[in-house]
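Visitor: Each chain is listed here by its residues.
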Amino acid sequence: EAQVTQNPRYLITVTGKKLTVTCSQNMNHEYMSWYRQDPGLGLRQIYYSMNVEVTDKGDVPEGYKVSRKEKRNFPLILESPSPNQTSLYFCASSQPQGRLVLCEQYFGPGTRLTVT
Amino acid sequence: AQKVTQAQTEISVVEKEDVTLDCVYETRDTTYYLFWYKQPPSGELVFLIRRNSFDEQNEISGRYSWNFQKSTSSFNFTITASQVVDSAVYFCALSERSNYKLTFGKGTLLTVNP
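The listed protein sequences derive, respectively, from chains A and B. The first sequence lines up with residues -19 to 96 when you count with this note's numbering. The second sequence lines up with residues 31 to 144 when you count with this note's numbering.
Hints are computed from structural coordinates only; laboratory data are not their basis. Where a beta carbon is used, it is the ideal one built from N, C-alpha and C, also for glycine. Worth double-checking, as some hints may not be accurate.
Said to hold, decoys possible - Selected chain A positions facing chain B (in silico; Cβ < 8 Å):
no., residue
1, Ser13
2, Gly20
3, Gln25
4, Gly38
5, Asp39
6, Val40
7, Phe70
8, Cys83
9, Phe87
10, Pro89
Unchecked claim - Simulated restraints on C-beta separations:
no., chain 1, residue 1, chain 2, residue 2, range
11, A, Met30, B, Lys100, 42 to 48 Å
12, B, Val114, A, Lys49, 40 to 46 Å
13, A, Asp36, B, Pro70, 29 to 35 Å
14, A, Tyr(-10), B, Pro70, 18 to 24 Å
15, B, Gly73, A, Lys37, 32 to 38 Å
16, B, Gln87, A, Met30, 27 to 33 Å
17, A, Pro19, B, Ala31, 35 to 41 Å
18, A, Ile57, B, Glu45, 41 to 47 Å
19, A, Gly(-4), B, Thr108, 47 to 53 Å
20, A, Thr(-7), B, Asp85, 41 to 47 Å
Produce the entire structure from the sequences given, and follow the hints as far as they go.
Guide: Here is the structure:
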């Protein structure tokens, strides 16, 4: 089954304790991306990756890091989480079609992060 | 900079009513892509449609239809004969060809009451 998986699904942590949210897709997609969803703000893009070792900032990259060492995985790293990073996080992937990079995106189930 | 505005924060209708969700976008690119996604109460994000800037044809899929008008920079979504299962948050999104960012609107919460 084609899917995007995220782990963990729920996480409660404390300020400053480094954490990683994993994202994996089994569709051999080149493009992957992370978003955060906050009430009243919709979804905002954090980082995206066009392919292995190619990443770029989205609209809200501060406080986050990513890496793309393998095509299927795109982990989101919070080196020193703060309460304002409490949010619902989504990973997504898509496969470019010709010059169209952002086709239908497949989203993971989401990770609800609480930083106290 | 690309921007998407969904002015309707919440809409409430009674089953079988038609409802239109508005989406207005801003972009400097001549080539861009517009999307609609649905987020039901269960939380997952479901792709509904993609429209390319060079294709202004309106689209119909069952009870769903989309009206793309470049002259007004709008990409509105209409649900005909709404059903309770249509209750969800609907997001409009924009991607410019010159970059690979995807910008979402803030979403419209649609509640369809029986």
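Visitor: Given a hinted range of 18 to 24 Å, is it respected by the beta-carbon distance of Tyr(-10)/A and Pro70/B?
Guide: holds, 19 Å
Visitor: Kindly confirm whether 47 to 53 Å is satisfied by the beta carbon distance between Gly(-4)/A and Thr108/B.
Guide: Since the Cβ atoms of Gly(-4)/A and Thr108/B sit about 48 Å apart, the hinted range of 47 to 53 Å holds.
Visitor: Starting from the hint 42 to 48 Å, judge whether the C-beta atoms of Met30/A and Lys100/B obey it.
Guide: At roughly 27 Å between Cβ atoms, Lys100/B and Met30/A fall outside 42 to 48 Å, so the hint is violated.
Visitor: If you take the shortest Cβ to Cβ gap from Phe87/A to chain B, is it below 8 Å?
Guide: holds, 4 Å
Visitor: Would the hint on Ser13/A stand, with a C-beta cut-off of 8 Å toward chain B?
Guide: holds, 7 Å
Visitor: Quick check on the hint: Gly20/A CB to chain B CB, less than 8 Å?
Guide: Hint holds; Gly20/A Cβ to chain B Cβ min 6 Å, cut 8 Å.
Visitor: Does 41 to 47 Å hold as the CB distance between Thr(-7)/A and Asp85/B, or does it fail?
Guide: 45 Å Cβ-Cβ, so the 41 to 47 Å window holds.
Visitor: Against the range 32 to 38 Å, how does the distance between the Cβ atoms of Gly73/B and Lys37/A compare: consistent or not?
Guide: violated, 26 Å
Visitor: So, Gln25/A near chain B? Judge it on the closest CB pair being under 8 Å.
Guide: holds, 6 Å
Visitor: Has the hinted range 29 to 35 Å been met by the Cβ atoms of Asp36/A and Pro70/B?
Guide: holds, 31 Å
Visitor: Just to be careful: measuring from the Cβ of Pro89/A to every Cβ in chain B, is the smallest value less than 8 Å?
Guide: holds, 6 Å
Visitor: How does the Cβ-Cβ distance of Val114/B and Lys49/A compare with 40 to 46 Å: does it lie in that range?
Guide: holds, 45 Å
Hint violations for this structure: numbers 6, 11, 15, 17, all remaining hints satisfied.
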